[in-house]
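All chains should be built: construct the whole structure from the sequences, respecting the hints.
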Amino acid sequence: MPKILAIDDSPTLRKFISKHLGERFPGAAILLAGNGADGITLARNEAPDVILLDYLLPDCKGEEVCEKLAAEPATAGIPIILMSSSTPDITRTEGLFPAIKRSMAKPFSPELLCASVNFVLTTPIEDETESAAEAGTAAPAADFAPESAPTVVLSPRLQKVSLADTPKSSKPVTRPLGQPAAPGTVEMPEFCGSLAAFPLWRVLLAAQADKLTGVLKIEALPVRFELYFQDGLPVLAGTRDTGLYLKNAPVKVPPEQAEVFEALKKEQESTGAPIFILMKARELIPAETAEAMTREYSAILFANAWLLPQARFLFQRLKPLPEFAREPAPLEESAEQFALTALRTLGAEFTGRFAGEAAPGTPAYTSAGYQRIQSLVLEPEEAAFAEQVAAGGKDLAQIAEASGLDLPAAQLILARFLALEIFDYWPAPPAA
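Counting from 338, one number per residue, gives the positions in the sequence shown under our numbering.
FYI, nobody ran anything at the bench for these hints, they're computed from the structure.
List of simulated lysine-lysine pairs, DSSO-like, C-alpha gap at most 27 Å:
id	residue 1	residue 2
1	Lys584	Lys398
2	Lys340	Lys352
3	Lys584	Lys603
4	Lys602	Lys656
5	Lys405	Lys352
6	Lys656	Lys603
7	Lys603	Lys617
8	Lys340	Lys356
9	Lys602	Lys554
10	Lys554	Lys656
11	Lys398	Lys352
12	Lys340	Lys398
13	Lys443	Lys584
14	Lys405	Lys340
15	Lys584	Lys602
16	Lys617	Lys340
17	Lys443	Lys340
18	Lys356	Lys443
19	Lys548	Lys656
20	Lys617	Lys554
21	Lys603	Lys554
22	Lys617	Lys602
23	Lys617	Lys584
24	Lys443	Lys398
25	Lys656	Lys617
26	Lys352	Lys443
27	Lys584	Lys554
28	Lys405	Lys443
29	Lys602	Lys443
30	Lys398	Lys356
Only a predicted model underlies this, so the values are computations on that prediction, with no experimental measurement involved.
What follows is the structure, given as structure tokens:
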């Protein structure tokens with residue numbers, strides 16, 4: 338069984354890593370170090386199969402650890418997964434050390450953690466190669482309505498839109514889903530609109546409610562990506578922009594596969610097929626690894642939608658789906674569960690929008706929030722937080738303390754459930 342060494346100064350993160358890797362790799366030796374010096378000593382003595390390395394440690398930076406490991410023959414070949422909340426630190430450091438085979442932007446989900454470790458353990462990597470995080474070519478124009486098209490304000494029961502008088506009239510003619518278009522109308526997608534006017538979680542539930550098979554397209558130039566649905570459930574997220582797809586967790590491949598990998602990136606840019614599915618088809622990575630990576634990257638990619646509040650969306654029926662989207666099983670048991678999974682991949686860049694940063698206040702359930710949260714599978718920290726909200730009478734800081742969370746972790750959980758409109762947040766009144 339493998340030996341996995343995690344070097345991070347956060348006891349919470351070390352516990353998180355130990356728990357989830359222990360469950361994913363039963364029998365594996367999970368070695369833990371809280372600083373760089375202890376980590377280097379363990380690497381020398383234990384010869385782990387992979388090292389999870391935080392960039393910023395109490396006694397040194399991650400690149401200093403990489404330098405010392407690279408200087409010793411016994412540790413120079415150990416693959417490293419770099420962890421950091423700073424993308425520039427990741428980008429700069431991974432280009433300096435061939436031992437860094439993957440990187441993860443904090444915070445990361447259990448799925449990404451396990452998939453990344455599995456990827457390194459099962460993929461033969463020998464020497465330095467080009468990072469797969471280079472930006473891809475610009476995506477071809479999506480078939481969205483032009484910017485000058487009338488704004489479509491959707492009702493709570495997302496409706497199909499057909500515009501008979503565009504551009505003469507700015508008033509859309511609506512009809513219920515499934516009803517044939519009237520003669521002379523211009524058939525539009527199943528539904529479309531702006532996230533500024535319609536919450537993203539409602540868009541997902543609309544596709545689930547009607548058991549739609551097709552693709553949900555999200556656009557906020559220059560960003561474009563898609564989420565494919567089979568019978569109302571998300572099965573895969575993709576994009577033709579490989580730079581966006583690989584941005585938060587780039588991949589390195591052996592030098593002998595670099596040319597093939599670049600060709601696969603171009604194929605993704607042309608067809609939208611996720612690169613891990615293409616790698617599986619060419620037996621470059623095991624099927625299990627490809628499926629795990631595709632699932633995790635679907636969540637990471639789709640999470641961008643919550644950072645694009647002015648984005649436009651469009652749903653089109655597709656029968657059949659593209660070949661690459663037909664095989665994957667649903668990403669989650671419900672569209673709302675997938676939304677929560679995607680939200681878990683977001684970090685500090687997300688909390689300010691929804692949690693008012695450190696502003697004091699009191700979370701409370703929305704009118705339907707308590708009922709909706711019963712159908713979701715929660716992480717233990719989320720469940721503890723939700724129980725404290727249900728009990729009432731506590732502000733955010735008190736809920737964090739009662740749940741055993743620090744304030745930033747509590748803000749992240751709050752932000753997720755505010756985005757899903759399961760919680761409201763009532764700021765504290767100004768001091769007299």
